[in-house]
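With these hints in hand, go ahead and build the complete structure from the sequences.
The listed protein sequences derive, respectively, from chains A and B.
Under numbering that gives the first Met the number 0, the first sequence has 207 at position 208, and the numbering climbs by one with no breaks.
Under numbering that gives the first Met the number 0, the second sequence has 269 at position 270, and the numbering climbs by one with no breaks.
These are computed hints drawn from the structure, not numbers from a lab.
Where a beta carbon is used, it is the ideal one built from N, C-alpha and C, also for glycine.
Some clues are possibly wrong.
To be verified - FRET-style restraints, in silico, Cβ to Cβ:
id, chain 1, residue 1, chain 2, residue 2, range
1, A, Val50, B, Lys124, 47 to 53 Å
2, A, Phe53, B, Lys124, 27 to 33 Å
3, B, Thr14, A, Ile233, 38 to 44 Å
4, B, Asn112, A, Lys245, 55 to 61 Å
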Amino acid sequence: MNAQSNIVPDAAGGSASSHRHATPQPFYWSVWRELWENRSIYIAPILVAVVVLFGFLVSTVGLPERRQEVLLDAAKAGAKIQEPYNTAAIMLIVTAFIVGVFYCLDALYGERRDRSILFWKSLPVSDRTTLLSKATIPLVVLPLVTFAVVVATQLLMMLWTTVLLISHGMSPASTWTYVPLFRNSFILLYGLAAIALWHAPIYGWALLVSGWARRATFLWAVVPFIAIGCFEKITFGTSHFASMLKDRVMGFAPKAFAFQMHSVDSPQLTPGAYLSSPGLWLGLVAAAVFIVIAIRLRRYRGPL
Amino acid sequence: MATIEARGLRKMFGTNVALGGIDLRVEEGRILGMIGPNGAGKTTALNAILGLTSYEGELKVLGRDPWTNRDELMCEVSFIADVAVLPRWIRVSQLLDYVAGVHPRFDRAKAENFLARTTIKRTSKVRELSKGMVAQLHLAIVMAIDARLLVLDEPTLGLDILYRKQFYDSLLNDYFDRSRTIIVTTHQVEEVQDVLTDLMFIDRGRIVLECSMEEFDSRYLEVMVNPEHLAAARALKPMYERPVFGRSVLLFDGVDRDHLEMLGEVRRPSIADLFVAVMTGHASKPEKANLGIEEKGVLR
Chain A
0 MNAQSNIVPD AAGGSASSHR HATPQPFYWS VWRELWENRS IYIAPILVAV
50 VVLFGFLVST VGLPERRQEV LLDAAKAGAK IQEPYNTAAI MLIVTAFIVG
100 VFYCLDALYG ERRDRSILFW KSLPVSDRTT LLSKATIPLV VLPLVTFAVV
150 VATQLLMMLW TTVLLISHGM SPASTWTYVP LFRNSFILLY GLAAIALWHA
200 PIYGWALLVS GWARRATFLW AVVPFIAIGC FEKITFGTSH FASMLKDRVM
250 GFAPKAFAFQ MHSVDSPQLT PGAYLSSPGL WLGLVAAAVF IVIAIRLRRY
300 RGPL
Chain B
0 MATIEARGLR KMFGTNVALG GIDLRVEEGR ILGMIGPNGA GKTTALNAIL
50 GLTSYEGELK VLGRDPWTNR DELMCEVSFI ADVAVLPRWI RVSQLLDYVA
100 GVHPRFDRAK AENFLARTTI KRTSKVRELS KGMVAQLHLA IVMAIDARLL
150 VLDEPTLGLD ILYRKQFYDS LLNDYFDRSR TIIVTTHQVE EVQDVLTDLM
200 FIDRGRIVLE CSMEEFDSRY LEVMVNPEHL AAARALKPMY ERPVFGRSVL
250 LFDGVDRDHL EMLGEVRRPS IADLFVAVMT GHASKPEKAN LGIEEKGVLR
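Encoded structure:
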């Protein structure tokens, strides 16, 4: 009976089998699946970039005249010229963080709410592969999207400035010397990696809540922390917990970079300090624990 | 090896018994219909078989433990859990890409062939399709998967008559062969009566009847009794009696056909008639139903 069942389909489907995928790639396709479903992953950064570009466009009215004034004070010229480029990058990095958190909060909740989890579970894709593909979005895909959008935005800003300066008979050299695009891109890439790893436990926590909560994932993710912070403040009058949270959101900056005089311009990269900070590794361990719990949860949880 | 083998399969939800230790054996090449009232435990049993829920007791599907090996098992098992579980945001072409990308036994050309017979466009999103078209799409995908076990839980719920008919026709003509096994649950029993090879009634987490359709046809007979023979017919201990157009229709289990033909018009009962008979008998006398079927094994 068994042998027969193995022979019959093979003999019948011999020619058809050539159409089939030789090796399934569940992880690869699961990441694509996330991008198909969550178009905000690239649409939100692009929208913010468009707004930034529009704002920059408006701000460049009268730029040629101002540029001449700015260049008079050589000490501050660099900072002044670089400022909008840094603002654009920071805006897009913040956007990516918000998109990542909301993506994670919906990642396991959405499929239970619309019952599509029953379809996804009917396919030979393990819960682990599913969770890893979902965690890949905020940890790898969003930083890469952010990088591409930031570089493209900055390039457009520089090209526009160049056109504007040349049309007023000025040299565009000041923009290109004071905004080192390649160096900036390298710093950006390093920064995005440092931020993603630093924020990993936040995304992991969001995934865990997403797999556990039956409703209001955002509240479940946030309220416990507010409650602990309030409790500490009222009971002991201290705010260690709050500063711990703040460190989790912002703490990557002083570890990964050395800034000069409270300015975000041309920071020194300090990968050694970053990689040797306990905050990074504790965070990564917490992220791993959260994701392992989320994998277990997905196995146990059905549609809502 | 049987496709499904369960011994003492139990599942509790709090203090509610969803499955009260059932024994089950489904051989390869069968089409089993699981029939039962709402909340009888059908879906729980299927979920256990599909690795969607944990359970107590022993369960092997195609030789594997479904709870710990769901992803492996799904290479050889397909299921349609409900008509409306395809993600609404996905495009038909994306769905085909995804399944082709993750499933080693999916034949994309076959799925495209099935879809070519429908009006479903590759560029449509699932949310733009009618309920019937979504069911066609899901069926096209499932039929293009070379699975050994297909599980259908209320696959035609909410579909109109045309789609329902088409659904089972496609399944039988284009998909089923003797090397596959199909389990189906439905409340629309009349439309699966001629599809099934085996029948199972479940109530309150227990199997209350289990028989092949050949046994069904040879054992159960319904007689529209002529009024003058009513007393004689009742003496033969019918399972169930119901009035139809002022006459009595009696359902018998294992009574000789020739004998019954003297009492009135004999015909094959529908699954629905037997279901009502078994369920009412079962409800009034849960321990020993008057038809002498209470546990599996009595029949076999």
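Hints, one by one, checked against the model:
Checked against the hint of 47 to 53 Å, the pair A:Val50 and B:Lys124 fails, with Cβ atoms roughly 28 Å apart. The hinted range of 27 to 33 Å is satisfied by A:Phe53 and B:Lys124, whose Cβ atoms lie roughly 31 Å apart. Taken as a hint, the range 38 to 44 Å holds for the pair B:Thr14 and A:Ile233, whose Cβ atoms sit roughly 40 Å apart. In this structure the supplied range 55 to 61 Å holds for B:Asn112 paired with A:Lys245, their Cβ-Cβ distance being about 59 Å.
In the structure shown, a violation is registered for the earlier hint numbered 1 alone.
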